[in-house]
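Protein sequence lines, in the order shown, are assigned to chains A, B, C, D and E. Be aware that the first sequence starts at 1, since it is given in my numbering, and climbs by one per residue. Be aware that the second sequence starts at 1, since it is given in my numbering, and climbs by one per residue. Be aware that the third sequence starts at 1, since it is given in my numbering, and climbs by one per residue. Be aware that the fourth sequence starts at 1, since it is given in my numbering, and climbs by one per residue. Be aware that the fifth sequence starts at 1, since it is given in my numbering, and climbs by one per residue.
Note that these hints are calculated values from the structure, not bench results. Note that this is a predicted model, so its numbers are computed, not measured. Beta carbons: idealized from backbone N, C-alpha and C, even for Gly. Hints should not be assumed to be uniformly reliable.
To be verified - Using 25 Å as the maximum straight-line C-alpha spacing, the simulated DMTMM-like pairs for lysine to aspartate or glutamate come out as follows:
| no. | chain 1 | residue 1 | chain 2 | residue 2 |
| --- | --- | --- | --- | --- |
| 1 | E | K369 | C | D23 |
| 2 | B | K557 | B | E455 |
| 3 | B | K174 | C | D23 |
| 4 | B | K174 | C | D295 |
| 5 | B | K174 | C | D438 |
Said to hold, decoys possible - Looking from chain A toward chain B, a few residues come up when the C-beta cut is under 7 Å (computed):
| no. | residue |
| --- | --- |
| 6 | L23 |
| 7 | E94 |
| 8 | V95 |
| 9 | D96 |
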Amino acid sequence: MLTLEHFLTVGALLFCLGLVIALSKRNAIGVLMGIELMLNSVNLTLIAFSRFSEGPAHVAGHAFVAFVITVAAAEAAVALALAVAVYRSRRTVEVDQLDLLRL
Amino acid sequence: MNELFAAATGEVPGISQAVLWAIILCPLAAFAAITLYLRHLPKVAGYLSIAAIGASFILSLVALVDVLGAGGGIATHTHAWFQAGPLELALGVRIDGLTAVMLVVVSSVSLLVQVYSQGYMEGDPGYGRYYAYMSLFITAMLGLVLADNLFMLFVFWELVGLSSYLLIGFWFHKPSAAAAAKKAFIVTRIGDLGLLAAILLIWTRHGTLDIGEIHTLAVTGALAGTTVTLFGLGLFAGAVGKSAQFPLHVWLPDAMEGPTPVSALIHAATMVAAGVYLMARFFPVLDAAPDAREVVGWIGAATVAVGASLALVQTDLKRVLAYSTISQLGYMMLALGVFGYAVAVFHLFTHAFFKALLFLGSGSVNHATNTFDMRRMGGLRTMMPITFWTFLIGTLSLSGVFPLAGFWSKDEILLEAWVNNRALYTVAAIASFVTALYMFRAVFLTFFGEYKGGEPVDHEDEDSHFHGDPAHPHESGWVMTVPLLILTAGAIAAGWWAWGKEFHHFVEAAVPAAALHKAPDFSYGIAITSSIIAVAGIATAWAIYHRRLISAAEIRKTAYPLAALLERKFFLDDLYERAFALHVFQRGWNRLVEAFDTRAVDGAVNGAGWLGAQSSRVLRHAQTGQVQLYGVAIAAGVFIVAIIVFIANPL
Amino acid sequence: MPLTALVFLPAFAGLLGLLLPADRARHARWVALLGSLAALALSLVLFFQFENGAGFQFIDRAAWIDVGSFEIQYFLAVDGLSLPLVVLTTFLTTAAVLVSFNVEYRPRAYFACLMVLSTAVLGVFTAMDFLLFFLFWELELFPMYLLISVWGSGRREYSAMKFVLYTVAGSAFMLVAILALAFSAGTFDMALLGAETVTDAVLPLRWVFLFLFIGFAVKLPIVPLHTWLPDAHSDAPTAVSVMLAGVLLKMGGYAIIRTCVTILPDQANDFGIWLAAIGAISVLYGAFVTFRQTDVKRLIAYSSVSHMGLVLLGIGALGTTAMVGAAYQMLAHGLITGLLFVVVGLMYERTHTREIGRLGGLARQMPLIATALVFAGFASVGLPALAGFIAEVTVFIGAFQKHEWAVIMAIFGVVLSAGYILWTLQRVVFGPVRREWDGVDDQKHWWEHASVVGLAALVILLGVYPDLIMDMLDPAIEVVSARVGA
Amino acid sequence: MDGAGVHIAFWALSILTLVAAGGVMVSRNLLHAVLFLIVAFIGVAGFFVLLSAEFIAMAQIVIYVGAISVLILFAIVLTPQSVRDNSETAMVGPAILLGVALVAIFLFVIHDTAWSANAGDPGISVSDLGRALLSTWVLPFEIASVLLTAALVGAIMLVRSDSEESEDAPDADA
Amino acid sequence: MSELDIVGPQLAILLAAGAVLVWDALLPNRRAYLPWLALAGILGAAVWTSTWVIRGDFQTAFDGTFAIDQYAVFFQYVFAGITAVVVIASIDWVDRVGRRQSEYYALVLTACAGLMFLAGARDLITIFLALELSSIPQYVLAGWGKDQRSSEAGMKYLLLGAIASALLLYGMALLYGFAGSTLLTDISAAIAADGAGSRSLLVVASVLLIAGFGFKMAVVPFQMWVPDVYQGAPTPVAAFLSVGSKAAAFAVVMRLFFEGLGEQFLSDDWAMIFAVIAAVSMTLGNVFAIVQRDIKRMLGYSSIAQAGNFMIGLAAISIAGEHFTQGASGVLLFVAAYAFTNLGAFIAVIAISQRIGSDDIADYAGMWKRAPLLALALAFCLISLAGIPPTAGFWAKLYVFNAGIRADLAWLVIIGVLNSVVSAYYYLAVVRQMFLGEAEDEQKLRISPTVALALGVATVGVIVFGVIPGPLVDAAREAAAIFAAS
């Protein structure tokens with residue numbers, strides 16, 4: 001008997017994995033991947049919720065996910081554009097090199 | 001207002017209060033005029049001041065005559081001064097036998113001293129200033145004796161302190177003078193604490209400061225128990241300071257740094273007597289508080305002993321007189337301690353004359369020799385006859401030789417003591433021997449033997465106004481000798497008023513009758529013994545210092561420890577000034593407090609600021625620019641906040 | 001609108017001075033003098049118009065900010081307690097202007113600051129809306145900061161900032177208390193607050209009282225919140241020291257009586273003993289530290305701590321007599337310390353040192369200044385017939401009934417003050433002449449005479465005719481002590 | 001939700017997704033990481049199918065696997081070899097610690113809560129979703145469109161090289 | 001009325017954005033008009049908003065996902081004002097760069113539209129998208145400079161922002177999962193129904209939401225990006241971030257938490273969170289700010305501390321049941337006042353750093369001589385930030401503190417007031433530099449008229465609302481009144 005908790009658990013695990021990746025990767029693009037994973041887990045959670053809820057409620061879940069995917073795409077686009085810009089100016093996309101601004 | 005007091009009030013119709021106020025205001029006007037306008041006209045200032053005090057003197061005589069005419073009795077005139085809530089303070093004058101006597105003493109001696117100063121202070125750069133200060137002092141002193149309530153008395157009490165300070169420090173360029181002035185003010189102020197405390201106490205407990213009412217309270221027994229004891233002791237503390245009683249007598253000898261006329265007036269005749277006057281004023285209180293009275297008596301005795309013994313070893317003529325003043329004031333206190341209210345006042349009265357005389361005499365000597373050091377004098381008997389004879393008479397009077405003034409008053413003190421307290425009598429009797437001894441020591445050293453040349457004049461010192469030639473001393477001018485002669489008359493005759501006790505009845509009318517204890521009028525036994533004692537003292541002095549039968553040096557050697565003790569003034573000054581004031585207080589306690597203030601209190605403040613800056617400098621290193629550190633911070637924030645909530649109010 | 005006019009007149013004059021052309025900059029002093037004299041005259045008119053015992057008078061009142069639970073009004077008024085302080089302020093302002101008559105550096109800005117300062121203080125003394133009061137209280141910071149840090153000497157930046165931070169920290173607590181009070185009473189109107197009794201607030205009234213007290217105690221100042229004072233004094237220019245010691249410290253005492261005691265009588269009764277204790281401690285502590293000072297101005301500053309302790313002692317007793325004494329002590333100390341700082345300022349101008357060690361024997365080279373110093377010294381020793389004596393004795397007598405031991409402690413301050421003042425006189429004006437100071441001139445300009453003589457005259461006047469003020473203080477204080485049930 | 005198939009599918013997908021995600025974490029080469037990422041995306045899509053959200057699954061495939069992954073690949077290709085390693089920064093330790101901590105909290109919460117779960121299968125049709133998007137969530141829908149446009153404009157602006165910019169810069173500025 | 005009307009203002013602005021892009025494409029040589037075009041759009045939005053106020057018909061639309069009420073209106077005005085000022089202030093700066101103008105203005109406008117959507121959003125999805133609509137353009141703008149620092153700032157901002165919004169999303173997902181709906185009203189209903197059972201879930205969800213918005217508000221511990229981004233981003237953008245997204249975040253948080261999670265048992269929890277965060281933010285922000293030498297970083301840290309002050313208001317609202325609107329209006333007032341003030345400060349910094357080419361506070365020495373008006377304006381803004389009267393900042397703080405007191409948060413208020421003391425220290429340090437410091441070169445600074453205009457608007461606002469805060473306070477209270485119902 002698969003219950004909501006199963007899916008939520010997977011979602012939570014995936015979310016935190018994504019978080020760990022986002023927080024630990026040296027390469028900006030790697031960080032971005034982590035973020036995408038987090039968003040995916042959110043989507044998974046949302047869909048799970050909507051699947052296990054009754055009435056009109058579950059439509060909201062699907063809509064939400066649709067928007068999240070869209071936003072994720074937009075964010076990714078901007079992120080990669082920025083990565084390129086950073087690379088142009090700094091010849092690197094390693095975030096631990098980005099420490100001009102400090103103290 | 002009790003019936004006794006009310007009865008007393010109406011008895012002196014003659015005096016209008018205008019007279020009484022005028023007595024105070026004349027010198028005050030002189031002071032104001034001099035300070036404001038006559039700073040550059042010293043001569044005029046002098047005459048003005050003399051005129052003013054002359055007026056006060058005449059008015060005082062008027063007052064005295066009126067009170068005499070009424071055979072004693074009391075009159076008061078009170079005016080509200082200011083009030084704060086329940087506290088209402090008044091300015092008022094009170095005239096009665098005691099006041100009248102004091103008025104005459106103060107104004108007469110002042111007048112003579114003022115005149116004398118014309119000669120003594122001649123040519124001093126601060127001539128005008130001198131007369132201003134003197135006028136201020138006389139104002140304060142007259143106000144003090146006229147005050148009809150404790151608060152006003154305290155006001156003038158402090159003002160005499162001020163003028164004393166100014167006059168002792170008159171030659172302020174002399175460090176010794178400046179120091180002496182400070183010492184005098186502070187030491188007396190310590191005593192004043194007691195007086196102030198007494199004022200607070202009596203007001204708080206009984207809501208009055210009026211002298212008459214306090215008398216009533218004391219006589220009717222409303223003022224009793226610890227209150228009256230504390231009140232009495234508080235008053236006495238003030239008196240101890242002002243009247244240079246042991247252990248606060250240390251300021252008086254130093255006060256001799258002031259000009260000699262000042263010493264004569266303030267530190268012999270009048271101000272130092274104010275303490276005695278105060279205790280006499282509140283004799284009913286003393287009477288109601290036996291413990292306090294005992295203390296007064298014994299402190300008086302101690303002062304007699306200390307003063308007399310220290311006078312023995314002084315080489316400075318003025319200091320001899322100073323210590324003798326201390327011991328004489330001790331006599332007065334001792335008298336009060338043995339119920340001798342009238343006697344004390346009487347001794348105050350006579351002492352004023354012969355002690356002023358002696359001081360002025362010493363001033364005259366100084367005027368001729370430019371020094372007070374008796375080791376540099378000698379043989380002046382021939383060179384300045386008037387000074388010599390007057391001084392001699394003063395000395396005899398002080399030694400209590402019949403029939404001079406001093407004899408009568410001191411004799412009565414001894415009598416009172418004999419009747420009421422044999423122990424005190426013994427002290428007084430021995431002291432009277434010492435008195436005669438040290439006084440004649442001074443006389444012999446100063447006026448007999450051959451002249452030792454005095455003090456050469458230092459012409460560099462622009463402050464010195466000495467003119468004349470110490471090498472060849474000469475008699476002073478009439479402005480100085482005439483006052484001497486007049487005072488001599490007083491020193492001889494002032495005592496005769498005691499015959500038949502008129503004086504006593506007169507001053508006793510000033511306090512409620514209930515407070516008075518009758519001692520026998522006269523006792524040949526006492527009189528003769530005291531005369532014998534005095535003569536013995538004189539003889540001893542003659543033997544040691546004139547005939548040199550016994551060598552003073554020998555005595556000193558044999559009794560060295562004692563001599564040292566005396567020469568170091570029982571180490572009191574060292575104790576007070578070096579040990580306490582300097583080391584314990586200033587370098588010890590105050591430094592400690594100051595260190596606490598700068599290190600702990602202020603340090604805490606500055607430390608807080610420093611801490612903030614430091615922590616900030618440390619913390620900002622967290623701002624590494626590492627984006628992922630920031631991310632970790634966010635995630636950690638989530639975790640921590642959640643945990644906090646769950647811990648704060650658990651599920 | 002006499003009060004409004006009076007309060008803002010100095011500031012107006014100061015700003016007017018700012019408008020002077022650069023080449024006429026020095027004329028700013030005249031503008032300031034006229035302004036301060038006008039204010040003085042106006043305040044005197046009010047003083048003699050004032051009807052003793054008729055409560056608050058010359059009321060200027062208008063709604064200012066009125067939003068829901070938050071009514072703030074523009075409300076000025078004086079009673080017997082504040083009016084004398086107002087006059088003191090205008091008087092000392094004039095004196096301060098006179099002593100700074102020879103300021104050369106940026107005179108326009110200087111006098112502007114001085115006059116704005118005066119306005120702020122006047123505002124504090126007259127504001128009857130708690131928030132308005134607070135605003136004036138804060139306003140006083142700016143000119144003080146500038147005056148010390150621009151025209152000061154020594155570590156002026158440090159001292160100025162220290163002064164500001166201390167005050168602001170204090171007023172932080174004050175603000176909390178004000179808000180709490182206003183919330184529980186539903187008004188900022190000090191007259192109302194002083195009439196009804198607040199029973200409970202969002203935070204315990206004990207705290208409210210304490211917070212208010214802390215805010216004011218910093219200004220008073222009490223031990224141990226006093227360390228800003230010596231620094232501020234020693235680095236401030238003369239005129240500022242005069243204002244600081246003369247009136248700014250009084251804001252603290254005034255505010256404690258006006259708010260702490262009047263608005264929270266019950267708490268005042270609870271804390272009275274502590275106030276008295278702190279007062280007595282300040283008296284002694286200040287005196288002890290004074291003995292160690294080698295800088296004349298720091299010395300006077302610490303003596304101020306000692307003397308202001310008496311104010312707190314008097315307030316702590318909560319009786320009419322004692323509080324009248326406290327108020328009187330504020331006036332007396334204002335005049336006397338003002339005079340002291342004026343004289344020391346004159347000395348400093350001539351000798352350019354405040355080191356007691358380097359001074360000495362000045363009575364010869366500058367007899368007038370020396371005389372003034374001796375006079376001021378004895379005034380602060382509490383010599384009879386001078387203002388300080390009346391105040392001290394009244395405080396003592398009034399407080400003795402309630403806190404005997406505290407008074408006994410404080411009495412020793414009398415001897416101690418005599419000690420350090422006379423010792424200072426001995427070292428500064430007496431003793432052998434120092435050739436070093438030959439040729440320094442004595443007090444000579446008319447403005448120097450004016451300020452010294454004026455202050456001295458008032459010290460004597462208040463010393464011999466206390467009823468001039470007492471009659472005014474008494475009914476006002478009666479109201480307060482009635483509230484505390486004393 | 002019952003049936004062995006479902007169970008097997010769930011566990012398989014879970015393992016696939018999480019392992020793939022782990023691969024993103026551990027793989028040293030950025031390109032490998034992207035490949036793992038794509039696998040993870042596909043796994044999630046599988047979950048969507050399992051949860052009978054076919055449309056969303058499709059969108060997931062198209063946008064994530066299709067668009068985003070490709071974008072990422074482009075970005076990687078645009079940047080030379082040098083920056084293709086996928087190592088971790090010093091933050092890895094704290095990061096993992098936090099990850100575990102948060103997982104703990106989330107799992108606790110998930111299992112602590114009493115979910116009102118229904119076993120029925122409310123699969124929704126694309127039309128429902130579309131209607132919802134155009135009625136209730138028309139505003140977010142519009143916003144999303146604007147958002148994409150803005151992102152587009154921004155991205156283009158950011159990636160244009162100076163030379164390109166200076167071309168259409170008017171002579172006044174040039 | 002039609003739904004177009006409801007989103008009218010946003011439409012106007014977005015149209016303007018589009019117009020800007022098109023205009024730039026068509027008339028590349030007429031770029032000077034771009035900002036005015038943008039301003040026209042903003043003006044249109046403001047006018048449109050006003051029409052509602054005049055018509056007075058407030059309502060919700062789109063099945064309750066979006067609302068037009070006084071609250072939304074208040075914020076729409078604020079955002080319109082902010083954006084307008086930012087646009088004006090940017091003109092000079094953007095011209096200097098000489099390229100990418102159209103994108104700049106278009107993105108600013110888009111972000112503004114996003115903020116405006118946030119003000120009215122009452123549905124998780126709408127909130128999320130509105131948030132992203134405001135965020136993504138800001139990421140781009142931060143990197144707009146395209147130089148090393150700027151792009152680094154952009155990158156950092158984006159990565160952290162993405163992580164934050166992921167957390168936010170997860171929280172929203174949990175909420176949705178609990179309530180089965182994304183409408184705030186439904187959520188609150190669901191919580192009221194059976195929220196107590198799953199408090200842990202709701203708490204974690206709230207924490208995640210707070211984290212997501214806390215990032216935008218820049219409160220500890222979600223604030224670390226602030227100084228880096230402010231320093232790296234183009235200064236006008238920094239100004240926009242420091243004011244716009246912060247204000248928006250507060251706007252949405254208040255709505256979200258009081259319409260959605262307002263249930264008592266829950267609000268106790270997150271009220272405590274707010275209180276703690278407030279205390280920490282104020283303290284840390286100030287402690288960091290003290291030692292900054294770069295004025296932009298200093299402003300960055302100070303904005304963190306300021307966010308802490310906002311938070312006092314939030315905590316006050318949630319705890320104080322009956323004084324609800326007090327806190328709410330306090331926050332709104334603070335938002336408005338802070339918007340004016342901080343913008344003013346930033347603009348002044350823009351103007352100065354452009355001319356002297358340095359953000360080092362030390363280089364501000366003697367600014368009073370070099371650019372009197374500029375220095376004066378900056379001084380006023382800093383004083384207002386420090387919360388010293390007579391400025392808008394003072395009333396804002398006073399109001400928030402007042403709310404705190406009423407909400408029984410005395411401890412928090414005390415921390416707050418003491419912190420304003422600390423902040424006063426470093427704000428006034430800058431003022432001191434400008435007025436007392438000695439500049440090495442006295443040469444005057446030329447200020448472009450547009451900057452002067454923007455600065456004038458901001459500063460006048462600061463002072464006017466400082467002297468007569470009445471109207472603003474009223475507006476804030478009306479806007480907050482909508483919560484009184486819920």
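Hint check:
In summary, the hint linking K369 (chain E) to D23 (chain C) is supported, as the alpha carbons are separated by about 18 Å, within the 25 Å threshold. Using a Cα cut-off of 25 Å, the hinted pair K557 (chain B) and E455 (chain B) is violated, with the two alpha carbons roughly 28 Å apart. A threshold of 25 Å between alpha carbons decides the hint, and for K174 (chain B) with D23 (chain C) the separation of about 51 Å lies outside it, so the pair is violated. A C-alpha spacing of about 24 Å is found between K174 (chain B) and D295 (chain C), which places the hinted pair at or below 25 Å, so the restraint holds.
For the hint linking K174 (chain B) to D438 (chain C), the alpha-carbon distance of about 18 Å falls within 25 Å, and the restraint holds. With a least beta-carbon distance of about 5 Å to chain B, the hint placing L23 (chain A) at the interface is held under the 7 Å criterion. Hint status for E94 (chain A): violated, given a least beta-carbon distance of 11 Å to chain B, over 7 Å. Below 7 Å, beta-carbon pairs count as interface contacts, and V95 (chain A) has one with chain B at about 5 Å; its hint therefore holds.
Below 7 Å, beta-carbon pairs count as interface contacts, and D96 (chain A) has one with chain B at about 6 Å; its hint therefore holds.
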